Amino acid sequence: MKIKTLLIANRGEIACRIARTARASGITPVGVHSDADANALHVREIGHSVCIGAGPASESYLKIDAVIAAAKSVGADAIHPGYGFLAENSDFARAVEAAGMVFMGPTPDTLERFGDKASAKEAAVAASVPVISGAEGARSDPQEIAEEVRAMGLPVLLKAVGGGGGRGQRLVTDETTLVEDIEGALREAKSTFGSEGLLLERFLPEARHVEVQIAGDGKGHVVHLFERDCTLQRRHQKVIEEAPAWGLPRTLLDKIAQDAVRLGETLDYRGLGTVEFLVAGEEYFFLEVNPRIQVEHPVTEAITGLDLVALHLRIAEGAGLGLVQDDLKINGHAVEARLYAEDPAMQFAPSTGTLTTLSLPEGLRIDSGVEEGDAVTPFYDPMIAKLVVHAADRETALARLATALDHVAVEGVQTNRAFLTALARNPEFEQMQVHTRWIDGRLDELTQAHTLSRPALWKAAAAILFVAASRSDASTNPWTNRDTFTGWRLGLGGDAMEAGQHVTLTDAADTSEEFRVGPIKAVDTYTVMSENGDALTLAMREITPGRWRISDGDDVFLIDARLHAGVIEMDTPEGRLVFRPAAPLDFAGGDAAGDRAVASPLTGMIVEIKVADGQDVTEGDVIAVMESMKLEISIRATAAGIASNISVSNGDMVDRGQVIAEILPSEE
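According to the UniProt record's numbering, the sequence shown is numbered sequentially starting from 1.
Just so you know, the hints here were simulated from the structure itself, not pulled from any lab data. Check the hints yourself; a few may be wrong.
Computed beta-carbon distance windows for the label pairs [to be verified]:
hint : residue 1 : residue 2 : range
1    : G281      : N331      : 24 to 30 Å
2    : Q448      : E97       : 15 to 21 Å
3    : N39       : G322      : 35 to 41 Å
4    : A522      : G47       : 40 to 46 Å
Keep in mind that this is a model prediction, so the values were computed, not measured. Every residue, glycine too, gets a C-beta built ideally from N, C-alpha and C.
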């Protein structure tokens, strides 16, 4: 059967990526979108999209009837679910087939088997694949779970039977928080995966996470496309992935791959899938099966030269794999970093807002579902882009990835860019002396602000660029506007600056500094004085539009710069830097809100109010728990006192910055 029209039941970067291969294969792609995604990049790029409901995924991307109706309305022959949402939903797969269309994935029976972690573990045991020891079957009674955990001994990993992609896992390490951990795991399992069942497993503290990409034709022919290493994780969420798994014996990796293939063969696996393992020393253990395309599939494409979506389409059309195991070879090394809109300073909470600046480097593969000007909403995963580097060896790949991350600039939301850069350059990671909990034990070190070798130079250049731009804007002309800027005396000589245009620059770390900028007699030469009295004399000239030549004594640098959306963006030899410039009076205004106001850190839904009006609280107590982008965030008291004016209830949607309570001083 030749697929002519393919409905892509997803959004963001994976929808864009599937559409590109479909179109290249002569297939017409059609998308779906929610009200919140009406102007999203995947809608614009696909070109034809059907609205299937409101912003929350439960009212759109997770509505089986709406997706099927959209597919019928456009005459689709097949539906590709991508990853997440309905990708592993057996009811959805059955509905697609009942409607006479091809489901781009395993059979419904296979989805049921692997979608439930308990039955997946049983399948692995039946296929003689090693599994992690733990309590038999799933549990949903909190008291029973607590008794089992105590009997097993800590640490124990609680895993939602319907979880996947690192979601739905909680590590229990402390008896005093056991009840709270169990209740939270059960609540998350029910709200996110629709089932309260939990698996209880022995925790392996220093294991590596290795997964094997498999592909099957549905008739018993299964091959592996080698492995990926996904050991760099933060709280079970993958951060940087690579292929192949560096530093492990090929004999061990081949054995793992053979087990993955055998497991697929036992169920006549159809389509793409990933069999995940934990590797501890010379031992390895089955973890789970993700019966779909993976976020990190580009690194496998890089080292094999295959287009996995094209292979998936071929399988769906009944043409088989078109290859055997001996056809597959490893070429070089590939790494992928996931750039997210999240705030490392707030325990990596999702960061919502409009991407006022989004500059991504050239010379590597970038899969993205957003462009500059798009919004990151609270409804969906906050991924901005995947940066994928392929090189002859791992050392080169990591070096190129680090350099690429240096030249990423994002404004409007917080990102994990600096965190990723620190990882790419970390000596322990370079030697692969890491495990799945390695990041969690080094967060302070990995989230420290990166120190530039010439910070004063780039700040001075940014201040000059702002002044140069203001001279062409009558509203801020430094020669005439005496209300906003201090006087600027023409023709000053030497290093002293009796007066100058005042500029305040705020960097990516929200650190503000004031400068005075004044010209001296030499053409295109400026003196820039900082708050502490240090001064730099720079010659700056725009040699082509947007490209500037900077002379600092005998040192000459070329930078690319643009002023837009209220920021100065500079691509320098040390990376891409962004500054928010303003005249000092722009910062004038009242005092900031009192530190006794408890505000929502992001947009989301209140899950549970933890205190009542009039209740005594101490600084750091949890006032409320909110859910945003599939994460639970604790909102804590900013001071000790009495909780008052609680303005929200369970189930309420709140905006970022919205005050939900106040902490009044106690009478004492």
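Cross-check of the supplied hints:
no.	hint	result
1	G281 to N331: 24 to 30 Å	holds (29 Å)
2	Q448 to E97: 15 to 21 Å	violated (52 Å)
3	N39 to G322: 35 to 41 Å	holds (39 Å)
4	A522 to G47: 40 to 46 Å	violated (54 Å)
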